[in-house]
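Based on the sequences and whatever the hints tell you, model everything.
Chains as they are written, first to last, in the working numbering: chain Y, 39 to 361; chain Z, 39 to 361.
Misleading hints may appear alongside valid ones.
Same chains, same label: a pair holds when it works inside one copy or across any pair of copies.
[Said to hold, decoys possible] Only pairs whose alpha carbons sit at most 25 Å apart, straight line, appear in this in silico DMTMM-like list of lysine to aspartate or glutamate:
#1 Lys-144 / Glu-360
#2 Lys-144 / Asp-354
#3 Lys-144 / Asp-68
These are computed hints drawn from the structure, not numbers from a lab.
Because the structure is a prediction, the values reported are computed rather than measured.
2 protein chains.
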Amino acid sequence: MTSLALIEGAASRLAGHARLTPLLNAPLLDRIAGRRIFVKAECLQWTGSFKFRGGWSAVSALTPQQRTKGVLAYSSGNHAQGVALAALRHGAPCVILMPADAPAVKIANTRAYGAEVVLYDRATQDRDAIGATLAQDRGLTLIKPFDDAMVIAGQGTVGLEIAVQAAEAGIADATVITCCGGGGLTSGIALALEAHAPGLRVRTAEPAGFDDVARSLASGVRERNAATSGSVCDAIVTPSPGEITFPILKRLCGPGLVVSDDEALRAMALAFHHLRIVVEPGGAVALAAAMFRSDLPETVICTASGGNVDAALFADVLTRFES
Amino acid sequence: MTSLALIEGAASRLAGHARLTPLLNAPLLDRIAGRRIFVKAECLQWTGSFKFRGGWSAVSALTPQQRTKGVLAYSSGNHAQGVALAALRHGAPCVILMPADAPAVKIANTRAYGAEVVLYDRATQDRDAIGATLAQDRGLTLIKPFDDAMVIAGQGTVGLEIAVQAAEAGIADATVITCCGGGGLTSGIALALEAHAPGLRVRTAEPAGFDDVARSLASGVRERNAATSGSVCDAIVTPSPGEITFPILKRLCGPGLVVSDDEALRAMALAFHHLRIVVEPGGAVALAAAMFRSDLPETVICTASGGNVDAALFADVLTRFES
Chain Y
39 MTSLALIEGA
49 ASRLAGHARL
59 TPLLNAPLLD
69 RIAGRRIFVK
79 AECLQWTGSF
89 KFRGGWSAVS
99 ALTPQQRTKG
109 VLAYSSGNHA
119 QGVALAALRH
129 GAPCVILMPA
139 DAPAVKIANT
149 RAYGAEVVLY
159 DRATQDRDAI
169 GATLAQDRGL
179 TLIKPFDDAM
189 VIAGQGTVGL
199 EIAVQAAEAG
209 IADATVITCC
219 GGGGLTSGIA
229 LALEAHAPGL
239 RVRTAEPAGF
249 DDVARSLASG
259 VRERNAATSG
269 SVCDAIVTPS
279 PGEITFPILK
289 RLCGPGLVVS
299 DDEALRAMAL
309 AFHHLRIVVE
319 PGGAVALAAA
329 MFRSDLPETV
339 ICTASGGNVD
349 AALFADVLTR
359 FES
Chain Z
39 MTSLALIEGA
49 ASRLAGHARL
59 TPLLNAPLLD
69 RIAGRRIFVK
79 AECLQWTGSF
89 KFRGGWSAVS
99 ALTPQQRTKG
109 VLAYSSGNHA
119 QGVALAALRH
129 GAPCVILMPA
139 DAPAVKIANT
149 RAYGAEVVLY
159 DRATQDRDAI
169 GATLAQDRGL
179 TLIKPFDDAM
189 VIAGQGTVGL
199 EIAVQAAEAG
209 IADATVITCC
219 GGGGLTSGIA
229 LALEAHAPGL
239 RVRTAEPAGF
249 DDVARSLASG
259 VRERNAATSG
269 SVCDAIVTPS
279 PGEITFPILK
289 RLCGPGLVVS
299 DDEALRAMAL
309 AFHHLRIVVE
319 PGGAVALAAA
329 MFRSDLPETV
339 ICTASGGNVD
349 AALFADVLTR
359 FES
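Here you go:
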């Protein structure tokens, strides 16, 4: 089970390897929001998202034998890149299983981090079956994107840093809003803050139409999304909260916040203008909630969880939401 | 005279007020450059540029009487915003003298930081005469953009941070490339590194056609630019190196590097893709030199000195230089 001890163990394995990302803020952003907003800029993390932390935590926790054989992940996005670079730095072989129609730049980036990319046809092939065969034939260890205690522990190091940085900024009492997909980042942060900053309470943010976590927190059981794609915030769209993550979310987080796609894109433009960081749509939902929802306290800390966004989309956002 | 002691004094006045900006790097950027590149991300500084440091240093060094009367700066850009926020936080009145045709967003931002903006007509009015009258009538202290010992001392705190961060990253020997206008940032960094990291040698970067510093370093005397406007890198275009800064540059820096406007814009796109930071053209010339010049060592540290860029220009850069 994921616990504070696992997170602190991950923090010591990540020390000197993951980047301590800054907690940013800006007076003009606060003025627009009508409250104090602090942004944990995980888009500045290695590989452009917090996923590097979970990848490093998982790879560094393997036995030497497991590491020599290598790791496997299913992902076309941030998790792939995070695991690939973590494996590269550990000298561990890494296989990433990606749909053949994944964007070319994501395939190229994952390869650039040294991973072997195996492509499959979404329409005709079964990803899990291919993965199981690969894992068995080569002895690879599967690193799941969120429902894995070591991955959650790695993401929880974001929470340890927020606790320290909030204290340095004199913040004892605030809402922390996370960009929430399967709940790995959120559950890790919630466990870390429960122990180290009990005045910081966690709420989740999700895109409208893909609010499985908000509905699950409301009903008390794991709800599923009707669709599994179709949001511009694709990086955080998952079918439902995880088996391991949901009990933690249920105990420590909520109620869930929901933002429109346009609000997420508008938050990207605000982060550009006022914080000078590049945030992807799924990584901007927490800032969007902090800016545009009203039932929030005077001080809000939010994660900007990733910055891997196509230049064309970013240019379009700047053009549409110039302010 | 500016000295290490002044920089260290500025550092203690800035502690807890200026942001310790991260030193960023990315494996994929290194691969493109063919060398190790580290970026001191001053675009993440308060007000979006290193100018806040010099502003804070100068305002905090005033006597209580001077501070009560207030400060004056001539600027339509980063220096204006840096001085305005520093004055606001010190409770000091602040007057910024700007040309009436300055971009509306810059006027609005400077006002949002609490400054009184006085507009003048570039064609018919004499800025220095208006400033002198304002200063005399109201007892304001003029804060120059670079030729001021306290301003240089504030910018020099960037160098103190680079010395520490380079040591943490195991870098003992490197070239540090600065985005150089009048030389305030460059001379401050050079003095700090001379004392704290003698293996880090400073070179300047400038846009082609506005390479007064490179030519001055080559000739040994202060050369002037033929034109004073017309570069997309407007934030760092100055007529010539400063009286105070040039002797420091001459003793410690060079040879100067020159990049084309297109190289600066391409560096902005690379910073977007690989570092997820927003850099303005003038703030990207050092990264451009680090990426595209060949006579450089294995490890280069460069300043990304500001991130105040119009959304339309940034969108255009992403569209033109998508990679």
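Do the hints match the structure? See the list:
no.	hint	verdict
1	Lys-144 / Glu-360	between (28 Å within a copy, 14 Å between copies)
2	Lys-144 / Asp-354	both (20 Å within a copy, 23 Å between copies)
3	Lys-144 / Asp-68	between (34 Å within a copy, 18 Å between copies)
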